[in-house]
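Residue numbers (the working numbering), protein chains in the order written: chain L, 1 to 158; chain W, 1001 to 1158.
The set of hints was computed from the structure by calculation and includes no laboratory data. Backbone N, C-alpha and C fix where the C-beta goes; we use that ideal spot for every residue, glycine too.
Sample of chain W residues at the chain L side, in silico, Cβ under 7 Å:
(1) 1016
(2) 1017
(3) 1019
(4) 1021
(5) 1027
(6) 1030
(7) 1032
(8) 1034
(9) 1063
(10) 1067
(11) 1069
(12) 1075
Chain W stretches covered by chain L per the calculated footprint, using a threshold of three residues with CB under 8 Å from any CB of chain L:
(13) 1053-1062
(14) 1079-1087
(15) 1104-1112
Each chain, written out:
Number of protein chains: 2
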Amino acid sequence: MNNWTADVQTLLGQSKVCFLATQGQNGPETSMAPYAIHNATILLHLSKLARHTTNIENSPAIGLMICTPEKSADSPLALPRLSLQGRVTPVSEKEFESAKSAYLKTIPDAEPLFSFADFSLFQLIPSAIHWVGGFGSARNIAVSDWRALFAENEGEMP
Amino acid sequence: MNNWTADVQTLLGQSKVCFLATQGQNGPETSMAPYAIHNATILLHLSKLARHTTNIENSPAIGLMICTPEKSADSPLALPRLSLQGRVTPVSEKEFESAKSAYLKTIPDAEPLFSFADFSLFQLIPSAIHWVGGFGSARNIAVSDWRALFAENEGEMP
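Please take these sequences and the hints and turn them into a complete structure.
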């Protein structure tokens, strides 16, 4: 693996939440959600009661960012981060058990939410991926390279 | 001050970056930017070379989130966070020096960027504000209450 792939893996290991940009009635809206990776898609476990879920149901094309958490020692100008564009779809019945298992491996606190009727598992299938590694270090990542990153680990991140 | 105002102040003191939801050509996009608060508006110092700036110029209604940074001890399900909706406008010439001074007080690393021709100061004027304090703790904040929060501190956050 070259440098950017190692840096992306580091980011994904450090950050358990992502920021969504969804289409609201009066413009784009941002929200936060825990995420996990499964078969190179981004799993989201969302409540029908939350506005981002209504927005996604109305307009499944969203933006999603995963950003290195701030520490007082980091410059806020240069946090390594990934931004993805793609469409969100419900996880199929066939995939549900393996996706749930991957999600809970990453976000064990979410276990009780799987018994709530208003929560469902969704997945973002990335169609465009952009990586900013810091100052002067930015590149697009081809979807095939993104998929290869997870194929090496049998589809899941630590 | 009651409890939510203290919690909002704590968040604003902990987090120097925000996440934007801007209107891209193929749907909403998310990005990261440092921010500062000035006269109850959110200051952003953005490069014309960045896609979020083009998006804002085309469509100034955006979403903006400020979220408590993750630590390994926090549950990723319950990070206190603010989400705002509003319109972004360039900072006026009249306000520029006081806004620049407020911005650099919060983001001192950005000083060299003020000599780059492609960077400009913008401000988000919030029209809707939503606060999630954790599990089962969410409320809208009236714009007048938001403004009052900063009036007590002469318009700026620490």
